[in-house]
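Chemist: Chains as they are written, first to last, in the numbering used here: chain R, 1 to 122; chain Y, 1 to 137.
Hints may contain errors.
Simulated DEER-style distance windows between Cβ atoms [claimed, not checked]:
#, chain 1, residue 1, chain 2, residue 2, range
1, Y, 73, R, 100, 45 to 55 angstroms
2, Y, 29, R, 106, 43 to 53 angstroms
3, R, 120, Y, 109, 48 to 58 angstroms
4, R, 78, Y, 133, 39 to 49 angstroms
5, R, 38, Y, 38, 42 to 52 angstroms
Here are the computed lysine-lysine pairs in the DSS-like style, where the Cα-Cα straight-line distance is at most 30 angstroms [to be verified]:
#, chain 1, residue 1, chain 2, residue 2
6, Y, 45, R, 80
7, R, 6, R, 70
8, R, 111, Y, 125
9, R, 111, Y, 2
10, Y, 125, R, 37
11, R, 37, Y, 2
12, R, 80, R, 93
13, R, 6, Y, 136
14, Y, 52, R, 70
15, R, 70, Y, 2
16, Y, 125, Y, 52
17, Y, 125, R, 116
18, Y, 45, Y, 77
19, Y, 130, R, 70
20, R, 111, Y, 136
21, Y, 130, R, 37
22, R, 80, Y, 77
23, R, 93, Y, 2
24, R, 70, Y, 125
25, R, 80, R, 70
26, R, 6, R, 111
27, R, 6, Y, 130
28, R, 93, Y, 136
29, Y, 52, R, 93
30, R, 93, Y, 130
31, R, 111, Y, 130
32, R, 93, Y, 125
33, Y, 2, R, 6
34, R, 116, Y, 136
35, Y, 125, R, 6
36, R, 80, Y, 52
37, Y, 52, Y, 2
38, R, 37, R, 6
39, Y, 130, R, 116
40, R, 37, Y, 52
The hints are simulated quantities; they were obtained by calculation from the structure and are not laboratory data.
We put the CB at the ideal spot given by N, CA and C, even for glycine.
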Amino acid sequence: MADSFKILEGLLRFAGRRHGVITSNIANIDTPGYRTKNLEFKTILDNSIIELKVTQPGHINPDGEALEFKEIEEDTGQWKDRNNVELDREMAKLTENALFFEASLTMLSTKIRMFKNALRRQ
Amino acid sequence: MKTFGILHVVASSLEAQRHRMNTIVSNMANMNTTRTEAGGPYRRKDVLFEVKEIEAGNEILEGVQVREVVEDNSPFKIVYDPGHPDADERGFVQLPNVNPLEEMVNMMLAFRAYEASITAFNTTKTMFMKLLELGKT
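Using the sequences and the hints given, assemble the complete structure.
Modeler: Here it is as structure tokens:
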């Protein structure tokens, strides 16, 4: 039960942070030397999805973060001023990410509604 | 209000693009100015942007700010006009190095960037509003 909340929270955090990264890209569309940044999932490992057992100290801790993500620099073609932000792509990413955020939010509120329904007395 | 720092990122972009737009408008207005305080004809100006770090929540985002306004050092336009008060002894006048076409293109670029930032602002606002509705129904 709590695990799915953790995953959904992770999704929301991911979408929120990615939104910040994309907005930074859009803000720096004319900054010389600026490199486009993006956020990507590193691992989606959680013991609610896959049963993990820690038998060695080097194993991934199943109680760790539900979702991990890291910031990467996108390596695409660049303009003359060493800036490689492409507005069209960033706007598409912005919309996509906003939809992703909304989807995660809908899932979370549905989850909450389910619990509320279960708690309600008939 | 560090939580809403992302809106400051958008605001920094709007501010920078507006500054750029003002510079372009000055260039257009002074297309034929032959006398300036510094002496000589008007020199075309341009803005240089740089990254400005803005705190948002527990992360650092990259906004933008104007680093400096630089002057374009390209040569002035030289026109033969002996009747002009600022003509030299041979009748040539130095006019500002402003190219209206270039300024119009820059203006379009600044406007597009401004529009993109407005869209980003609205998207951010919608996301926050939706988040605030969480768990209400």
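Chemist: Confirm or reject each hint.
Modeler: Hint by hint, here is what the structure shows:
1. Y:73 to R:100: 45 to 55 angstroms: holds, 47 angstroms
2. Y:29 to R:106: 43 to 53 angstroms: holds, 51 angstroms
3. R:120 to Y:109: 48 to 58 angstroms: holds, 56 angstroms
4. R:78 to Y:133: 39 to 49 angstroms: holds, 41 angstroms
5. R:38 to Y:38: 42 to 52 angstroms: holds, 45 angstroms
6. Y:45 to R:80: holds, 20 angstroms
7. R:6 to R:70: With a Cα-Cα distance of about 18 angstroms, the restraint between residue 6 of chain R and residue 70 of chain R holds, given a limit of 30 angstroms.
8. R:111 to Y:125: holds, 24 angstroms
9. R:111 to Y:2: holds, 29 angstroms
10. Y:125 to R:37: holds, 22 angstroms
11. R:37 to Y:2: holds, 21 angstroms
12. R:80 to R:93: Status holds; Cα separation ~23 angstroms.
13. R:6 to Y:136: Between residue 6 of chain R and residue 136 of chain Y the Cα gap is close to 20 angstroms, so the pair holds against 30 angstroms.
14. Y:52 to R:70: Measuring from Cα to Cα gives roughly 21 angstroms; hence the hint holds.
15. R:70 to Y:2: holds, 21 angstroms
16. Y:125 to Y:52: Holds, at about 22 angstroms.
17. Y:125 to R:116: holds, 28 angstroms
18. Y:45 to Y:77: holds, 15 angstroms
19. Y:130 to R:70: At roughly 25 angstroms apart (the allowed maximum being 30 angstroms), residue 70 of chain R and residue 130 of chain Y satisfy the hint.
20. R:111 to Y:136: Given that 30 angstroms is the threshold and the Cα spacing comes to 12 angstroms, the pair holds.
21. Y:130 to R:37: holds, 26 angstroms
22. R:80 to Y:77: holds, 26 angstroms
23. R:93 to Y:2: holds, 24 angstroms
24. R:70 to Y:125: Given that 30 angstroms is the threshold and the Cα spacing comes to 25 angstroms, the pair holds.
25. R:80 to R:70: holds, 28 angstroms
26. R:6 to R:111: holds, 12 angstroms
27. R:6 to Y:130: Roughly 19 angstroms between the alpha carbons, so the hint for residue 6 of chain R and residue 130 of chain Y holds.
28. R:93 to Y:136: holds, 29 angstroms
29. Y:52 to R:93: It holds: about 22 angstroms lies between the C-alpha atoms, which stays within 30 angstroms.
30. R:93 to Y:130: Since the Cα atoms of residue 93 of chain R and residue 130 of chain Y sit roughly 19 angstroms apart, the hinted pair holds (cutoff 30 angstroms).
31. R:111 to Y:130: holds, 16 angstroms
32. R:93 to Y:125: holds, 17 angstroms
33. Y:2 to R:6: holds, 24 angstroms
34. R:116 to Y:136: holds, 11 angstroms
35. Y:125 to R:6: Status holds; Cα separation ~24 angstroms.
36. R:80 to Y:52: With a Cα-Cα distance of about 21 angstroms, the restraint between residue 80 of chain R and residue 52 of chain Y holds, given a limit of 30 angstroms.
37. Y:52 to Y:2: holds, 15 angstroms
38. R:37 to R:6: Holds, at about 26 angstroms.
39. Y:130 to R:116: holds, 19 angstroms
40. R:37 to Y:52: holds, 15 angstroms
Comparing the model with each earlier hint shows no violations; every hint is respected.
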